[in-house]
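S.K.: Given chain A's structure and the hints, the job is docking chain B onto it.
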Amino acid sequence: DAKTTQPTSMDCAEGRAANLPCNHSTISGNEYVYWYRQIHSQGPQYIIHGLKNNETNEMASLIITEDRKSSTLILPHATLRDTAVYYCIMNAGGTSYGKLTFGQGTILTVHP
Amino acid sequence: GAVVSQHPSWVICKSGTSVKIECRSLDFQATTMFWYRQFPKQSLMLMATSNEGSKATYEQGVEKDKFLINHASLTLSTLTVTSAHPEDSSFYICSASPLPGVHNSPLHFGNGTRLTVT
Numbered sequence: 001d002a003k004t005t006q007p008t009s010m011d012c013a014e015g016r017a018a019n020l021p022c023n024h025s026t027i028s029g030n031e032y033v034y035w036y037r038q039i040h041s042q043g044p045q046y047i048i049h050g051l052k053n054n055e056t057n058e059m060a061s062l063i064i065t066e067d068r069k070s071s072t073l074i075l076p077h078a079t080l081r082d083t084a085v086y087y088c089i090m091n092a093g094g095t096s097y098g099k100l101t102f103g104q105g106t107i108l109t110v111h112p
Numbered sequence: 001g002a003v004v005s006q007h008p009s010w011v012i013c014k015s016g017t018s019v020k021i022e023c024r025s026l027d028f029q030a031t032t033m034f035w036y037r038q039f040p041k042q043s044l045m046l047m048a049t050s051n052e053g054s055k056a057t058y059e060q061g062v063e064k065d066k067f068l069i070n071h072a073s074l075t076l077s078t079l080t081v082t083s084a085h086p087e088d089s090s091f092y093i094c095s096a097s098p099l100p101g102v103h104n105s106p107l108h109f110g111n112g113t114r115l116t117v118t
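Sequence lines, in order, name chains A and B. Residues 1 to 112 (my numbering) make up the first sequence, in order. Residues 1 to 118 (my numbering) make up the second sequence, in order.
Just so you know, the hints here were simulated from the structure itself, not pulled from any lab data. Mixed in with the good hints, there may be bad ones.
Capping the alpha-carbon separation at 27 Å, the derived lysine-lysine pairs in DSSO-like fashion look like this [stated by the list, open to error]:
1) Lys-41(B) - Lys-55(B)
2) Lys-41(B) - Lys-3(A)
3) Lys-64(B) - Lys-99(A)
4) Lys-20(B) - Lys-55(B)
5) Lys-99(A) - Lys-41(B)
6) Lys-66(B) - Lys-99(A)
7) Lys-55(B) - Lys-99(A)
Only chain A is shown next, with the shape it has when bound in the complex:
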């Protein structure tokens, strides 16, 4: 799986949008961009994924650059409960499906 680079930590005010960047300049053509988050002492929670088009669901939006070398996860209205470690992960599926490579992620702290 391609290596990803994320900022170690970020802060966000409650109610504001949280924009979490991820660089994945070595992504290969068949790799999807996945975002998971892990709240303290819990298992990771799936957020969103995409291949090349921007995606939106009830939790977040995913913006992928045209060259696919970077992406941004957007939490439109962050709440205190969004404080967590956010992981950007590349995965091609197939035989590598389920074998996710978790980096150090971004510690997002949402403050009042």
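M.R.: Positioned in the frame of chain A, the structure of chain B alone reads:
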């Protein structure tokens, strides 16, 4: 949505004893489940892939005789830490998907089991 449940959520055991951790898919069948481990202040690392009806496959550096995996049914995988030692103290997390390999069916994780070996 797909739910993966783990039991127990935490366990304390004495050095040299064995501990069994269960992972269940509650509302779907899982032919494949994945076991991860997370040491304090570190990220998750894949330990092994559990396959229903066949042997598990282990990642490099994971002792298969120490971490016994049994995938006895389509909804249950168990991880047994045998002869546990303090260095096995960790957060063990399982995951599964209703349709493994399908990108629109992402992995769902259990809430983990915190193992402390004294």
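S.K.: Each hint should be assessed against the structure and marked as holding or not.
M.R.: Cross-check of the supplied hints:
Restraint check for Lys-41(B) and Lys-55(B): the C-alpha separation of about 31 Å exceeds 27 Å, so the hint is violated. The straight-line distance between the Cα atoms of Lys-41(B) and Lys-3(A) is roughly 20 Å, inside the 27 Å bound, and the hint therefore holds. For the hint pairing Lys-64(B) with Lys-99(A), the CA-to-CA distance comes to about 17 Å; that is within 27 Å, so the pair holds. Our distance criterion of 27 Å between C-alpha atoms is met by Lys-20(B) and Lys-55(B), whose separation comes to about 17 Å.
Distance hint between Lys-99(A) and Lys-41(B) is fulfilled; the C-alpha atoms sit about 20 Å from each other, no more than 27 Å. Between Lys-66(B) and Lys-99(A), the direct Cα distance comes to roughly 21 Å. Compliance with the 27 Å bound is thereby established for this hinted pair. Distance hint between Lys-55(B) and Lys-99(A) is fulfilled; the C-alpha atoms sit about 17 Å from each other, no more than 27 Å.
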